[in-house]
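Asker: Since the structure of chain A is provided, determine the placement of chain B on it from the hints.
Now for the letters of each chain:
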Amino acid sequence: MKKRYQALSFWKKTAVNLTAVLVVYAAIMGLSAVGIVNKYYMGILLSTCINIILVVSLNVTTGFLGQLTLGHAGFMAVGAYSAAFLSKNLSGLPDALVFILALMVGGIVAMIFGVIVGVPTLRLKGDYLAIITLAFGEVIKNVLLNLDIVGGASGYIGIPRYSNFSWAYWLAVLTVGATMALINSRQGRAIISVREDEIAAEASGIDTKRFKILAFVFAAFFAGVAGGLYGHYMGILEPKTFKFDKSIEILVMVVLGGMGSIRGSVIAAIILTVLPELLRSVASLRTLMYAIALIAMMLFKYDPNLVKMTAKVKNKFRKAGKSA
Amino acid sequence: MTILQVTDLGINFGGLRAVDRFNLTIEENQLYGLIGPNGAGKTTVFNMLTGVYEPTDGKISLEGKMLNHKTCHQIAQMGIARTFQNIRLFNDLSVIENVKMGLYHQYKYSLFDALFKTRKFFACEKAMTDEAMQLLEVFHLHTYAKIKAKNLPYGKQRELEIARALATHPKLLLLDEPAAGMNPQETNELMETIQKVRDQFHIAILLIEHDMKLVMGICEKITVLNYGSVLACGTPEEIQNNHEVVKAYLGD
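For the protein sequence lines, the chains are A and B, in the order given.
Per my numbering: the first sequence ends with 324, consecutive numbering throughout.
Per my numbering: the second sequence ends with 1252, consecutive numbering throughout.
Looking at chain A on its own, in the form it has when it is part of the complex (with noise of 0.2 Å):
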């Protein structure tokens, strides 16, 4: 009966969220038809949901993992060129399919990539691994820059531009979803073991170094299909894209969202990437605003009233979903 119960309310648990998320999406589709959303927003909120999932898999190796990494950008842009490549150069099968497919393969390739650093920098910690994952961006960026096949320098053009706003949005869900999925299961409490205690989880008889890997990899697989939306939806790939400010922005949405928080990770990396868009009416003083904005929300974010008062939200929350 028990065993029952659990998995039921978990079930009604993803029905609330599944609705809650079908009715943004149908507000913003319907308010896109009678015009009122322009294609310029919808832009806006295309690129919020490839943030999103950035943000989202990079709190998976920074937050849940506690290792800190730079080259998220990196894998970003082995899915996109990857997956860029794949849908240029596959003709005679439906549109839909080729994007699933050049999305996939951009995840998998970037995956491939994570292994391959994964395997011998993930020995390292702290600000080691940092430096090492900021050199692997780096090489990236500029084996593509050097890249003739995808265009060089001059960059990678001429991609079918697949990307629309509800790939990019059903696919943030999708992450979403999956990384709740990870960190709630056991191989999940393994992976935020390592960010605890390393001795006491191989004392506990964890294998630190293969969950090190699979935290990695999950979040280079979704870094890639991000990659993969980005350059379906942009038309073309330039290696300067994904630098290390790249990098360190997506890294700047975990911090604000918090270590180790997924809905946080949600709300840092729409305030952030609608924010600078907003700020386009100040024109030459935007990344002074963006700074100081950046810097305020850092501090108020601990402002003892504040947490007192989303606590209070919370709690509300909670009891309206108990009563219903």
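Hints are computed from structural coordinates only; laboratory data are not their basis.
It is possible that some hints are incorrect.
Below, in silico cross-link-like pairs of lysine-lysine (DSS-like), each with a Cα-Cα straight-line distance of 27 Å or less [as the list claims (entries may be wrong)]:
id: 1; chain 1: B; residue 1: Lys1146; chain 2: A; residue 2: Lys13
id: 2; chain 1: B; residue 1: Lys1065; chain 2: B; residue 2: Lys1108
id: 3; chain 1: A; residue 1: Lys12; chain 2: B; residue 2: Lys1126
id: 4; chain 1: B; residue 1: Lys1150; chain 2: A; residue 2: Lys308
id: 5; chain 1: A; residue 1: Lys301; chain 2: A; residue 2: Lys312
id: 6; chain 1: B; residue 1: Lys1247; chain 2: B; residue 2: Lys1221
id: 7; chain 1: B; residue 1: Lys1120; chain 2: A; residue 2: Lys13
id: 8; chain 1: A; residue 1: Lys312; chain 2: B; residue 2: Lys1148
id: 9; chain 1: B; residue 1: Lys1146; chain 2: A; residue 2: Lys312
id: 10; chain 1: B; residue 1: Lys1247; chain 2: B; residue 2: Lys1213
id: 11; chain 1: A; residue 1: Lys312; chain 2: B; residue 2: Lys1150
id: 12; chain 1: B; residue 1: Lys1196; chain 2: B; residue 2: Lys1148
id: 13; chain 1: A; residue 1: Lys125; chain 2: A; residue 2: Lys13
id: 14; chain 1: B; residue 1: Lys1221; chain 2: A; residue 2: Lys12
id: 15; chain 1: A; residue 1: Lys316; chain 2: B; residue 2: Lys1148
id: 16; chain 1: B; residue 1: Lys1126; chain 2: A; residue 2: Lys13
id: 17; chain 1: B; residue 1: Lys1120; chain 2: B; residue 2: Lys1146
id: 18; chain 1: B; residue 1: Lys1146; chain 2: A; residue 2: Lys316
id: 19; chain 1: B; residue 1: Lys1150; chain 2: A; residue 2: Lys314
id: 20; chain 1: A; residue 1: Lys209; chain 2: B; residue 2: Lys1117
id: 21; chain 1: B; residue 1: Lys1148; chain 2: A; residue 2: Lys209
id: 22; chain 1: B; residue 1: Lys1150; chain 2: A; residue 2: Lys125
id: 23; chain 1: B; residue 1: Lys1146; chain 2: B; residue 2: Lys1196
id: 24; chain 1: B; residue 1: Lys1150; chain 2: A; residue 2: Lys301
id: 25; chain 1: B; residue 1: Lys1146; chain 2: A; residue 2: Lys314
Every value quoted in this text rests on a predicted model; they were computed, and no experiment measured them.
Answerer: Same frame as chain A, now just chain B:
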């Protein structure tokens, strides 16, 4: 039946011989004490038994299986669990999740089961929760199940560490100074708990301890370590009356 057989174990740290020709035999269901002055090499022995350090020479065998060259997690899976001198819990995980970590190899489902929430996933998680709760009840920790491990009082943290170690279904449990930092009242309770654990789970326990009342009170056999080598070995009475041991502890 012999659970653990250690023969002529030794380790060098650079030019320092930290442990030399260390021998130890632990029988089934035995409560064994390892004592010695500070710096004698007790924790080093523990670290060699659990694979943290690779011994320079000697043999370790658990129920006839060799443990040399095995990694920490392999040894843990083979049946040696331990606690640490300075408590090592998964601080930001809840009390029950800490125990569930120990249960990792007891209930197996694949990543596929986890991602697609199969029936097996729910069944295993349920079974894990049930066993974890039972373990917590042994230590009267079940009321704390949902709070973070770091918010437990000190004494409870030590007990949680033992509960997590027991969750790996060990044949031999190593306790590194379980009574450190406890008051006499807590130490008395701990003595009862250790005996209860041994009887209820039918395992052998090897403990390092400085509290002589605890060691002499519950251990059936004791080995005394001094400057890395065995000074004496025997029952608590034999150890208490051993001239060499008294000299090592108190001087001439």
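Asker: Check the structure against each numbered hint from earlier and tell me which ones fail, lowest number first.
Answerer: The structure conflicts with hints 13, 14, although it agrees with all the remaining ones.
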